[in-house]
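Combine both chains into one complex, guided by the hints.
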Amino acid sequence: MRARVYVSLKPTVLDPQGKTIHAALKGLGYTAISDVRQGKFFEIRIDPQTDPAALRKQIEQIARDVLANPVIEEYRVELLD
Amino acid sequence: MRFGVVVFPGSNCDHDAWYAVSHNLGQQAEYVWHGSEDLGGLDAVILPGGFSYGDYLRGGAIAKFSPVMAAVKRFAASGGLVIGICNGFQILVESGLLPGALITNRGLKFICRPVDVITATVNSPFTCAARPGQVIRAPIAHAEGCYYADERTLDELEAEDRVVFRYADNPNGSLRDIAGILSRERNVMGMMPHPERTSDPLMGSTDGLVVFQSMVTAMAAK
Chain A
1 MRARVYVSLK PTVLDPQGKT IHAALKGLGY TAISDVRQGK FFEIRIDPQT
51 DPAALRKQIE QIARDVLANP VIEEYRVELL D
Chain B
1 MRFGVVVFPG SNCDHDAWYA VSHNLGQQAE YVWHGSEDLG GLDAVILPGG
51 FSYGDYLRGG AIAKFSPVMA AVKRFAASGG LVIGICNGFQ ILVESGLLPG
101 ALITNRGLKF ICRPVDVITA TVNSPFTCAA RPGQVIRAPI AHAEGCYYAD
151 ERTLDELEAE DRVVFRYADN PNGSLRDIAG ILSRERNVMG MMPHPERTSD
201 PLMGSTDGLV VFQSMVTAMA AK
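Protein chains in written order, with our numbering: chain A, 1 to 81; chain B, 1 to 222.
No wet-lab data here; the hints were simulated from the structure.
Each residue gets a CB set at the ideal place from its N, CA and C atoms; glycine is no exception.
One or more hints might be untrue.
Coverage of chain B stretches by chain A, computed from C-beta distances (three or more under 8 Å per stretch; other residues unrestricted) [to be verified]:
#, region
1, 51-62
2, 69-80
3, 102-116
Label pairs and their in silico Cβ distance ranges [claimed, not checked]:
#, chain 1, residue 1, chain 2, residue 2, range
4, B, P9, A, T31, 24 to 34 Å
5, A, G29, B, P132, 36 to 46 Å
6, B, E151, A, L25, 40 to 50 Å
Below are the EDC-like pairs computed for lysine to aspartate or glutamate, each with C-alpha atoms no more than 16 Å apart in a straight line [said to hold, decoys possible]:
#, chain 1, residue 1, chain 2, residue 2
7, A, K10, A, D47
8, A, K10, B, D55
9, A, K40, B, D55
10, A, K19, A, E43
11, A, K10, B, D150
12, A, K10, A, E73
13, A, K40, A, D81
14, A, K57, A, E78
15, A, K57, A, D47
One chain only, chain B, in its complex shape (with noise of 0.2 Å):
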């Protein structure tokens, strides 16, 4: 399977995610510049953690207009597998191609920090391979992670079983404890915590891995 993990400016998580699936799942795995038009053929992306173009205006708001996410939106249109980690979240909700905002910490610090968070449905490509309510330790490092969107969004998000992570003990006030969800498709996923950063041994938890061992699982049933 080959994965491509897009490089912004300012991106840096992208090495991590690409170790991730490279080294410990042993797929394919290539670095996207932000200036490119084409993704070339790949089975799925990821949008890595990072300060994208600074964070500069809101997280994500410059990224979306970069060449790349243009073929990112096309790529998750005909049924790509995109996910969207922390900085990568914030592109994908910018973007629009997944619905709500991710706002401020209500407590208004950057978070870094290992939590628990709980997986919410396994019935989507990024925890197929997971157990129903597993609980996966990883890291957050963000100040804008606030999951925000109108009631009735969260209503249909909840209705449609696209809550995919939810907080065990919600750390930056993210209404109904929502820490990752799916496009309505379920091919496009955005969380805020990094399983990337717990994918190897070294890292004191593999935790994170069975996000993208569920990608793979995917992509081969397909």
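This is chain A alone, in the form it adopts within the complex (with noise of 0.2 Å):
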């Protein structure tokens, strides 16, 4: 089984690397891109007996206690089979 978590910083907090990105995009004549926000992506390999609704809380869990700094970054999770 797979976990894919997806971590990117809350519209509100600041993302100069998306700004340079949307900027530079700009610059190569994409005009109809309207704005860039860069995230990170963690792909997670779990053992296969374990039980569907706990795998999604721990899952949950360690998005929340370790991937993301809740603070500045919100967090989506998708379990693969």
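Following this line, the structure appears as structure tokens:
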């Protein structure tokens, strides 16, 4: 089994890397791009024996306590078979 | 007074901090390994600068789970003096001992140069030996030093006189020019500039010594 965790800065937090990438894209002529936010992506492999309900709870906890800093970041968890 | 300097894998200002309090101030100082679960009767703890655990994930994000940080949390809860410098400040905010976060500098670059910081309060064990408004020139050396907190937290910090240092000329985009803050109980302080790097005449300035001197003064008054 696999889980994916996406971590990105909250909309209220300045993302200078995203802004720089956005400016570069504009420079390349991609005028339709209105904003870019940069984040992190984690792919986690899990023992297939794990109970799915417990698993989601664990991954959520890992995302909240370790992978993301809730002061500045938000996260999204995806479970894959 | 017994200072403990915590050494994480990747700390690189630990010796400077140790030298500042032992050689420049004549206090007892010892290293505390990150695996220690007990602080053994120290009077104050220094979380030094560097790149604890390679700064992987986020600055301070792995260090907060180290055994020594559980001990530092208990020490802080019992009123012990804790100062976090640079990466140490990042560890303190990650651990929840101080509010807010330190994010990528607005200009994206790692900045390594001396800056002027203004002592915003002398009502703290880390600045009680300073004059109100005293300007300290100390180097910063960080890529993630932009102080961030939500508006409510920033208002609270100011209302409670917990901003301890402000940049004279904001180098990294820190909100409200914040370079250092105090915990609510005022016994935990984090700052991005490096006072230990301006603590010896050979370094060209001893401006930073006042921070450690204040801690000694505050402990003596206890």
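So, going through the hints one by one against the coordinates:
no.	hint	result
1	51-62	holds (count 3)
2	69-80	violated (count 0)
3	102-116	holds (count 6)
4	B:P9 with A:T31: 24 to 34 Å	violated, 47 Å
5	A:G29 with B:P132: 36 to 46 Å	violated, 55 Å
6	B:E151 with A:L25: 40 to 50 Å	violated, 31 Å
7	A:K10 with A:D47	violated, 31 Å
8	A:K10 with B:D55	violated, 21 Å
9	A:K40 with B:D55	holds, 15 Å
10	A:K19 with A:E43	violated, 26 Å
11	A:K10 with B:D150	holds, 11 Å
12	A:K10 with A:E73	holds, 5 Å
13	A:K40 with A:D81	violated, 21 Å
14	A:K57 with A:E78	holds, 12 Å
15	A:K57 with A:D47	holds, 15 Å
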